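Asks: Protein chains in written order, with the numbering used here: chain A, 40 to 130; chain B, 40 to 130; chain C, 40 to 130; chain D, 40 to 130; chain E, 40 to 130.
No lab work stands behind these hints: they were computed from the structure. Predicted model, so just to flag it, every value in this text is computed and none were measured. Watch out, some of these pointers could steer you wrong.
Since the list gives no way to pick one copy over another, a pair counts as held whenever it fits inside one copy or between any two copies.
What the hints assert, rightly or not - Simulated crosslink set (SDA-like; lysine to any residue; CA at most 20 Å straight-line):
1) 62 to 127
2) 62 to 86
3) 62 to 48
4) 62 to 123
5) 62 to 93
6) 62 to 120
7) 62 to 125
8) 62 to 76
9) 62 to 126
10) 62 to 75
11) 62 to 91
12) 62 to 74
13) 62 to 110
14) 62 to 109
15) 62 to 77
16) 62 to 50
Listed here are the chains, written in short residue letters.
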Amino acid sequence: MRLGRVVGRVWSSAKTDQFEGVKFLLIQPVDAQGAAAGRSLVAVDAVGAGAGETVYWCRGREASYAMLPSEVGTDAAVVGIVDSVTTTGSG
Amino acid sequence: MRLGRVVGRVWSSAKTDQFEGVKFLLIQPVDAQGAAAGRSLVAVDAVGAGAGETVYWCRGREASYAMLPSEVGTDAAVVGIVDSVTTTGSG
Amino acid sequence: MRLGRVVGRVWSSAKTDQFEGVKFLLIQPVDAQGAAAGRSLVAVDAVGAGAGETVYWCRGREASYAMLPSEVGTDAAVVGIVDSVTTTGSG
Amino acid sequence: MRLGRVVGRVWSSAKTDQFEGVKFLLIQPVDAQGAAAGRSLVAVDAVGAGAGETVYWCRGREASYAMLPSEVGTDAAVVGIVDSVTTTGSG
Amino acid sequence: MRLGRVVGRVWSSAKTDQFEGVKFLLIQPVDAQGAAAGRSLVAVDAVGAGAGETVYWCRGREASYAMLPSEVGTDAAVVGIVDSVTTTGSG
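Generate the whole structure from the sequences, applying the supplied hints.
Replies: Pasting the structure below:
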C-alpha cells in the first residue's frame, strides 16, 4: 500500500455498471512526512474516508477484494485511514 | 484508476482474435487540473468515450473485467467519463 | 497497452519449458509520434510482428492470455500491429 | 522482490475487515548498498521484521499469498529478512 | 520481460515457508547494450543462472508460474539466460 491524502472527489455518470453507487476519491500519494510524492489517482472508497484525511490505498487486483461482497473491478481502493505513523531513527 | 484525456485512436488489422471489434483509444494521462502527466497509452473503450473527453481508466486484470461478457484480455480500459472533479483546499 | 517498435530479437537456449518455441522480440516503447518513450523490454510475439514495425503490447497476466491455447507465462506480449494512429487537436 | 529497510509503523483503526490484527510496516526501498532507492510504502509483515532491519518485500497478488492461511488482500508484504547480500565484480 | 545481469546473491534465513530452498539472485536491469537501466531487484532463479550472466526476468504472477510445480509466490523470477540480442537499424 502507499500513503495518500484525500484531495477531492471525481463525479461520473457514464461508467461501467460495476461502478454504480461507488464513491470515487481523488488521492494524492504522500510520504511519511505528508509531502506529496507522485501523481494523483482515482480510488474507490472502501472505508468512508473524508476530505483531507491521510489514508493508505491498495492497487491491483487486491483493490477489488476490499469491495467484496460488491463486485467492483477497480485497480485502486482506499482500504484504511491512518491514525499515526511512527518512524525510527534508522530511516 | 487514473484520469486521462482521449487524444486519438489506434487502428490495427493484425491483432489477436480477442481484439476483434474492439475500439482502441489513445489516452494521455492528466492530473486533476487537466495537465498532461505521464506517457500516453492505448486503452480499450468500455464506455463509448469520444475525442477530447476526460475519462478515468483502469489497468491490470481489472481492465478486462470492464469488457465482460466479452472476453478481452486487455491491460488498460477506459471505464468511465468524468463529469467533474472537485478538489479540497488541503490538496 | 503501450505503443512500441520492434527493434530486435532476443535469443535464448536456457529457459523455462513454457518458452520452448516462443519468439522473443526486443521492443522499444514509443509515443504517438514514434519517439522513444521508456526502457526497452522483451515481449513474446503473438501476432507475427517484424523488425521496425510499430506494435502495441500488453503486460501482466493479460499477456499470457494472448498466447492461448499455448500456456506461456509471460508478463509482456505483442498483441497487435499498428496500421495508423490518429490524434485529435485537443491532445 | 525489492530490498527495503523497516523505517516505521503505520497505525490504523478504520480499515477493511481483512486487515484486523495485521501489522503494517513502513518500508524504505534500498539498493544493494543500503542506500534509499524509491518511495516509501506500507507493507504487511509476514515474517516478524523489526525496526531498522533489511528485508525484501513482494508486491501484487503474491503479497497476499504470503499471509495464507489468513486472507489478507494486500498489494505489498515483507516476506523475508536479509542476512547478507553478496555482490559480484561484474555489477 | 526485461533484460538484466546477475550481480549478486541475497541470503536469508527468516522468510516465509514458500521460499525454503529457493535461490535469490540480485539482478541489475540492463538495456540491449548491457548498460544499467533501473533499480536492482531480488528475483528467484528458475533456470540456474550464474554471476555475471545476462538474463531476462519476469514480474507479477507469471513469475510464480515459472517455479511450478513448486508453489513459490514470488513477484520476480529469472526465466531465461540470454545467448544474444540482435538489434535492427531502425531502433
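Asks: What label fits residue 62 with residue 74 when the C-alpha limit is 20 Å: within, between, both, or neither?
Replies: neither (25 Å within a copy, 23 Å between copies)
Asks: Indicate which option fits the pair residue 62, residue 48 if close means a Cα-Cα distance not exceeding 20 Å: within, between, both or neither.
Replies: within (8 Å within a copy, 28 Å between copies)
Asks: At 20 Å max between alpha carbons, let me know whether residue 62 reaches residue 126 within a copy, between copies, both or neither.
Replies: between (32 Å within a copy, 14 Å between copies)
Asks: Since the copies are identical, ignore which copy is meant and state whether residue 62 and residue 127 lie within 20 Å (CA to CA) inside a copy, between copies, both or neither.
Replies: Answer is between: at 16 Å across copies they meet the 20 Å cutoff, but 35 Å inside does not.
Asks: With identical chains treated as interchangeable, where does the CA-CA distance between residue 62 and residue 91 reach 20 Å or less: within a copy, between copies, both, or neither?
Replies: within (16 Å within a copy, 24 Å between copies)
Asks: Measure nothing new, just compare the shortest in-copy and cross-copy C-alpha distances for residue 62 and residue 120 to 20 Å and report within, between, both or neither.
Replies: both (16 Å within a copy, 14 Å between copies)
Asks: Could you figure out if residue 62 and residue 75 sit no more than 20 Å apart (CA to CA) within one copy, between two copies, both or neither?
Replies: Answer is neither; intra-copy 23 Å and inter-copy 24 Å both fail.
Asks: Quick one: residue 62 to residue 76, C-alpha cut-off 20 Å, is that within a copy, between copies, both, or neither?
Replies: Neither way: residue 62 and residue 76 sit 23 Å apart in one copy and 23 Å across, limit 20 Å.
Asks: For residue 62 and residue 109, with the copy left unspecified, which applies at a CA distance of at most 20 Å: within, between, both, or neither?
Replies: within (13 Å within a copy, 26 Å between copies)
Asks: With identical chains, the pair residue 62 and residue 50 could be close in the same copy or across copies; at 20 Å between alpha carbons, which is it: within, between, both, or neither?
Replies: within (8 Å within a copy, 24 Å between copies)
Asks: What label fits residue 62 with residue 77 when the C-alpha limit is 20 Å: within, between, both, or neither?
Replies: neither (22 Å within a copy, 25 Å between copies)
Asks: At most 20 Å between CA atoms: does that hold for residue 62 and residue 93 within a copy, between copies, both, or neither?
Replies: Answer is both; intra-copy 17 Å and inter-copy 18 Å each pass.
Hints 8, 10, 12, 15, counting from the list given before, are not met by this structure.
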